[in-house]
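Trainee: With the hints as extra help, turn the sequences into a complete structure.
Number of protein chains: 2
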Amino acid sequence: MIPDQLTSGQYQTVYNLFSLVIAAQLFTALYLVAAQPRVLARYRQALLVSATVCGIAAYHYFRIFNSFRDSFVTDATGGNGVYTQAPGESFNEGYRYVDWFLTVPLLLVELVVVLALAKKLQTSLLLRLVPASALMILLGYPGEISDSDATRNIFGLLSTIPFLYILFVLFVELTRSLDRQPETVRNTVSKMRILLFATWGVYPIAYLLPLLGFDGATAWVGKQAGYSIADILAKCLYGLLIYRIARLKSFADDPAFALEEGGHEGVDAPRSRVNA
Amino acid sequence: MIPDQLTSGQYQTVYNLFSLVIAAQLFTALYLVAAQPRVLARYRQALLVSATVCGIAAYHYFRIFNSFRDSFVTDATGGNGVYTQAPGESFNEGYRYVDWFLTVPLLLVELVVVLALAKKLQTSLLLRLVPASALMILLGYPGEISDSDATRNIFGLLSTIPFLYILFVLFVELTRSLDRQPETVRNTVSKMRILLFATWGVYPIAYLLPLLGFDGATAWVGKQAGYSIADILAKCLYGLLIYRIARLKSFADDPAFALEEGGHEGVDAPRSRVNA
Numbered sequence: 001m002i003p004d005q006l007t008s009g010q011y012q013t014v015y016n017l018f019s020l021v022i023a024a025q026l027f028t029a030l031y032l033v034a035a036q037p038r039v040l041a042r043y044r045q046a047l048l049v050s051a052t053v054c055g056i057a058a059y060h061y062f063r064i065f066n067s068f069r070d071s072f073v074t075d076a077t078g079g080n081g082v083y084t085q086a087p088g089e090s091f092n093e094g095y096r097y098v099d100w101f102l103t104v105p106l107l108l109v110e111l112v113v114v115l116a117l118a119k120k121l122q123t124s125l126l127l128r129l130v131p132a133s134a135l136m137i138l139l140g141y142p143g144e145i146s147d148s149d150a151t152r153n154i155f156g157l158l159s160t161i162p163f164l165y166i167l168f169v170l171f172v173e174l175t176r177s178l179d180r181q182p183e184t185v186r187n188t189v190s191k192m193r194i195l196l197f198a199t200w201g202v203y204p205i206a207y208l209l210p211l212l213g214f215d216g217a218t219a220w221v222g223k224q225a226g227y228s229i230a231d232i233l234a235k236c237l238y239g240l241l242i243y244r245i246a247r248l249k250s251f252a253d254d255p256a257f258a259l260e261e262g263g264h265e266g267v268d269a270p271r272s273r274v275n276a
Numbered sequence: 001m002i003p004d005q006l007t008s009g010q011y012q013t014v015y016n017l018f019s020l021v022i023a024a025q026l027f028t029a030l031y032l033v034a035a036q037p038r039v040l041a042r043y044r045q046a047l048l049v050s051a052t053v054c055g056i057a058a059y060h061y062f063r064i065f066n067s068f069r070d071s072f073v074t075d076a077t078g079g080n081g082v083y084t085q086a087p088g089e090s091f092n093e094g095y096r097y098v099d100w101f102l103t104v105p106l107l108l109v110e111l112v113v114v115l116a117l118a119k120k121l122q123t124s125l126l127l128r129l130v131p132a133s134a135l136m137i138l139l140g141y142p143g144e145i146s147d148s149d150a151t152r153n154i155f156g157l158l159s160t161i162p163f164l165y166i167l168f169v170l171f172v173e174l175t176r177s178l179d180r181q182p183e184t185v186r187n188t189v190s191k192m193r194i195l196l197f198a199t200w201g202v203y204p205i206a207y208l209l210p211l212l213g214f215d216g217a218t219a220w221v222g223k224q225a226g227y228s229i230a231d232i233l234a235k236c237l238y239g240l241l242i243y244r245i246a247r248l249k250s251f252a253d254d255p256a257f258a259l260e261e262g263g264h265e266g267v268d269a270p271r272s273r274v275n276a
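Heads up: the sequence lines are chains X and B, in that order.
For the first sequence, the UniProt record's numbering begins at 1 and goes up steadily by one.
For the second sequence, the UniProt record's numbering begins at 1 and goes up steadily by one.
If you're looking for bench data, these hints aren't it; they were derived computationally from the structure.
It cannot be assumed that every hint is accurate.
Since the list can't tell identical chains apart, any single copy or any two copies may satisfy a pair.
As the list claims (entries may be wrong) - Here are the simulated BS3-like cross-link-like pairs (lysine-lysine), alpha carbons at most 30 Å apart as the crow flies:
{"#": "1", "residue 1": "Lys-191", "residue 2": "Lys-119"}
{"#": "2", "residue 1": "Lys-191", "residue 2": "Lys-223"}
{"#": "3", "residue 1": "Lys-119", "residue 2": "Lys-223"}
{"#": "4", "residue 1": "Lys-223", "residue 2": "Lys-120"}
{"#": "5", "residue 1": "Lys-120", "residue 2": "Lys-191"}
Since we're looking at a predicted model, the values are computed, not measured.
Mentor: Written as structure tokens, this is what we have:
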């Protein structure tokens, strides 16, 4: 639950973190749009989806930032006092769920689209991953807004079912198709899946904190910091890794393009030919 | 009519849904603009119209969101109290009609333009569909803002006449021209018409709710949720299906373009040639 008061340091920390997330998401989105000509046409769709994810997150962090700023007030001059909840205002945690409802399915779309798998496999993966991820977020929401531990437990458990299913599809089914990817790409895709689960793991931990007895201002600030950092890793860093895969695959597909682009980012063969 | 008070949960649900619609419309619009090079030049007009529809909807949902936020207040700290109507403010349902008056004719333009029919047929369809859809929205408005059941009935009935005429044109006349479309496209167009009527069906149902005796806060929240979800499906999902049709037709029209684009989304032959 939202704490009744925050120290000046806690308030400033959350405030500045939210602004950091806005900057990271907004400029990753713009970078990914501007970087379209740096990959072959067939990978630009994946970059556009990545940019869209970061753009949607930037929008929601603007809303989250404003909601936080409006929901706490201080009497002290110079901002060194205690911050208490503003009357008639409430920090809206719901924006996070709206954001995840749109972005988490799109993060899975990015991953599947950039791999350029056979049409049939791609459709089959998307038809399972997209509904499962939307369901996971929908089931988490009633638990998050509830004050009751029982409700939080039940919806937490229900939401874990699609989460485990997504894990299964990504690690078991996707692994089979990785053999057809270029060697350099295989390593990056493996790293991406680890990133995906390291960051996705933050969300259920934050969800469980109130059940584990961590409550009050410190736990709340920790939760906001955890969500903010996880959102940067799971969207910005992830989007840049998608870009890296798209670059590597573009170089592998078209040596002339690799030569023109200078063969940065792991494909040295064309460049060494230039240097020779 | 607008309820005198909402529970905290009802208020949060409507608030978050409106924000979800803003994000969905805004980023679908941006995505469709950025995706222009992913289809042949002859289909970009249809994408631009789709993007315009979502952009107009995003604008109106910004207005609707702000109107809703300003028209309810709570005394409680932390947002857990009851929300009552703010004195001197009123939620403006009229924004929806302004939005539909502009976007519904454009949704029909999208559909006709993306099919790239013979010039004469295209003109004939547009000259019938665009005025009929504008008339349908105009006739619904006096009923929506009226407190009288009789007025609501009369304008509801009047507005149904152009609605049925649009149905007739789309299902009878458009079906004849589908034979000339590529096979993959025919399926998507059929799905689109079903989507169009499944979502358009929500609007008359929401319009009729007060006549059927469903009133009060729960019915009002249900109506707002229904409109919000229908607007996402009828504009965003619809726009993305238009994009899909434009992609598939681009691939069918120009095999070299399909090859360059990697043959995602249903045309696998060109890619397997690359891999071979």
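Trainee: Are the hints correct? Go through all of them and say.
Mentor: Outcome of the hint check:
Within a single copy, Lys-191 and Lys-119 get their C-alpha atoms as close as 24 Å, and across copies as close as 19 Å, so both meet the 30 Å cut-off. When the C-alpha separation of Lys-191 and Lys-223 is checked against a cutoff of 30 Å, the pair qualifies only within one copy, where the shortest distance is 25 Å, while the shortest distance between copies is 43 Å. Taking CA atoms no more than 30 Å apart as the test, Lys-119 paired with Lys-223 passes in neither setting, with 40 Å inside one copy and 39 Å between copies. Proximity of Lys-223 and Lys-120 under a CA criterion of 30 Å is satisfied in neither setting, with 40 Å inside one chain copy and 39 Å between copies.
For a Cα distance limit of 30 Å, the shortest separation of Lys-120 from Lys-191 qualifies both inside one copy, at 25 Å, and across copies, at 19 Å.
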